[in-house]
Amino acid sequence: MIRPIKIIPLLFLLLTAVAGKSQDVNILLAKVKFNIDKVYDYKASARMITNVSFLKVPDADVKVYFKKPNKLKIKNEKGISFVPKGAVSINLNNILSGGKYTAIDAGKDKIGNTIVRVVKLLPEDDNADVVLSTVYIDEAALLIRRAKTTTRTNGSYQLEMSYGNYASYGLPDKIIFTFDTKDYKLPKGVTFDFDDGTQNNRTAADKAKTKNGSAEITFHNYLINKGVEDAVFK
Amino acid sequence: MALIINVNHLSKKFNDTYAVNDLSFTVNEGDIYGFLGQNGAGKSTTIRMLLTLIQPSSGIIEMFGKKLSTHRSEILKEVGAVIEKPDLYKYLSAYENLSIFAKMSGIKVTRQLLMNQLQMVNLQDRAKDTVKTFSQGMKQRLGIAVALVHNPALIILDEPTNGLDPQGIADIRNLIIRLSRELGKTILISSHLLSEIELIANRMIIIHKGKKMVEGNVADLLDPAHTLVEIETLNNTEAAALLQQSTWAPFLLPKNQLQLMMNKTAVPQLINDLVTMGVQLLSVNSSHSLENYFLSLTTQSGNVEAFTN
Amino acid sequence: MWKLLQIELFKISKRPRTYIAFIAVAAIVFIFQFAFKADGQSYMDLMLQSVKDTFSFDRVQAINGYFMCYIILNTLLIQIPILIALIAADSISGEANMGTLRLLISKPISRTQIILVKFAAATIFTIFLLLWMAITALFLSLLIFGAGDMLVFRSKGDESQILLITRDDIMWRYYAAFAYATVALTVIAALSLLLSIFAENSIGPIIATVCIVIVCTIISNINVPVIDKNVKPFLFTSYLVGWKGFFYIGTDIDGKTIKGSLENWPAIRKSLLILIAHIFILVSAAVVVFKKKDILS
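Protein chains in written order, with my numbering: chain U, 1 to 234; chain H, 1 to 309; chain V, 1 to 297.
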């Protein structure tokens, strides 16, 4: 058994260490943001693969539009696509917006073979929807590899990003967006369905998994800072 | 003369009741054969068996020398029928109705043929009108046109004058006579009115409760030998008892002991004997119309032997 | 036989009641189209209530001709059997009622032929009714609402699903679905025909057909394991909605739809065979019963 009296000095030591590093973290964030801020708007073609248990959809070719400060729209011009509402946050500007947060260095981690710096961002505004964001920054490339966000109303979501040609703008080639989703419930009595005897065979564990959905967006090409009409965001 | 219809021991049982019971009769080529009986006597059931609407419980029907059960289609090509009411497709015109049934009879249908047929029943001007606008008489005439359109050798008419006015009845009667005389058709006509049959039929059968009462030539059945004599006395019971013990007993109708079926020429002898026996006569009525004959048979059933022996 | 069928079709075409079915179908379709043109969003919102916070999608595109036709075909189950019964249940009983059955049977046509021709005519009527449905519900809807990807809302066991079929993968499904519906409704026609032999006016068999369909449909939709296993497989109504199987698109293990695929073709095929067996049994029964029947009308 560890006595509380011995833990308190240990915590104190840890916290001072964090405070000491926060200065570095803010600089790191500023550098990252500098890259991102170079983008005023973009238009990109992308392929979206949605993975939600109750949604049976094909891969969709979509257009992604962005305009500063935080307008983002994912559009399927040829058909219908279910776009997760939280997907707006694939715009990293949203996470880092305004710099009105307290950044806490949470040490280092590893994503694949890359060592990343973990930074927790606590919004200064107590009423903000975002409660906590955690970003995983590749310090060498000054790119955010992963972001986890917890919100008050929309559950939490996570972004995994990989970069390629547009890394200099802080724009990823591929984003895997994971989000919370409720089960889909069809209103009772609106359809008579054909019971073809197909069993779901889902275990309780499977059902628990369905609480998460993901959308994988792979960008083909970006048209950066070429101007985007406001109308597309309506 | 060829046998057109030969019915042998035909019976039809519905549940436990015989609608037709061991009925046998024959219709010859060229006959106008009267099929008589009260409503419910089994006429329609018999006719329906002839037309395969009803399956017989037992017995054999032969038509044109072939068994109906095995040569149905072949036989029915040669039969035209109006069964009870001349019901047709009300929403179709006279011409369309005629055309449909002609095609079903398997003949080649031409406009000329159909119009001729309508002309024969005097409906050529109403060819395009729907049947629902027709009077009962017009429907009946169209029904006959339908029965005749495929030029059948045998025509079966079930109560063809039902519901018609006197003129309508006369028209049908004339048509039947014409069909028989001019076209040589064999006709089986059923009716509950003997007066109808009396005027046109050469042979007839009377059935009652599914059983044959009598079959024969109309002329024979109108013979004075078959006169119905009714006696009225002061004491009917005593008179009946006396007759029962006399030589007149075989001529008494079983249900009414004061009715005799006998030769009209013997009536004076009967009166004489009654007086001798001390019967106080009030009246003696004799009638030889087929109508009375029919009535007496059917109102006092069970007297087959008296006339068939 | 062909001549008899022509006669039968001619008779059906001349009857005013035949067109009631076509007018009714057009009316149902137009009402749906009008309602969805006016306020289709509300329906979409209702269907997507439980996920409206999680997802956004283009509602205008979702209400298109293909989706409309699917929604309209959903009513097939309740409405169309009545309309089929209106004609098929009249096949024999109507003739009996009019008095023409006597004449019909006294013609040199076998009773088997009469039943087969009546059945063929009822089937052709069913096909025409469904063609009319395809014209109004599918092609007219496509004209009014345009084409687009199609959403299918489905409850599967205790969960619900949203399926998305891309526009270039839909038409063949409709052709298959209409073909399936023809077979399914032909069962109704065969049932009506059988029932019509027993009656002397068409009201009885129409009501009897509709009652059987309604009762069996209700039982088919009771979700109790005992009924699921022991009763449902034997009710033809359990297979009436099998046309929907053509819109249950197949998916890979990740839940991604596979273009041109069906989730469970063997189940559809089995349903189809069961329905065809029903038709065969009902028509055979009709022939047997009719051959033995004494015509007393």
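Check each hint, because a few of them may be wrong.
[To be verified] Here's a subset of chain H near chain V, in silico, CB distances under 7 Å, partners left out: (1) K85; (2) D87; (3) A240.
Source of the hints: derived by calculation from the structure; they are not laboratory data.
Don't be surprised by glycine CBs; every beta carbon is placed ideally from N, CA and C.
Inset, instruction - Would you list, in rising numerical order, the hints stated earlier that this structure does not obey? - result: 3
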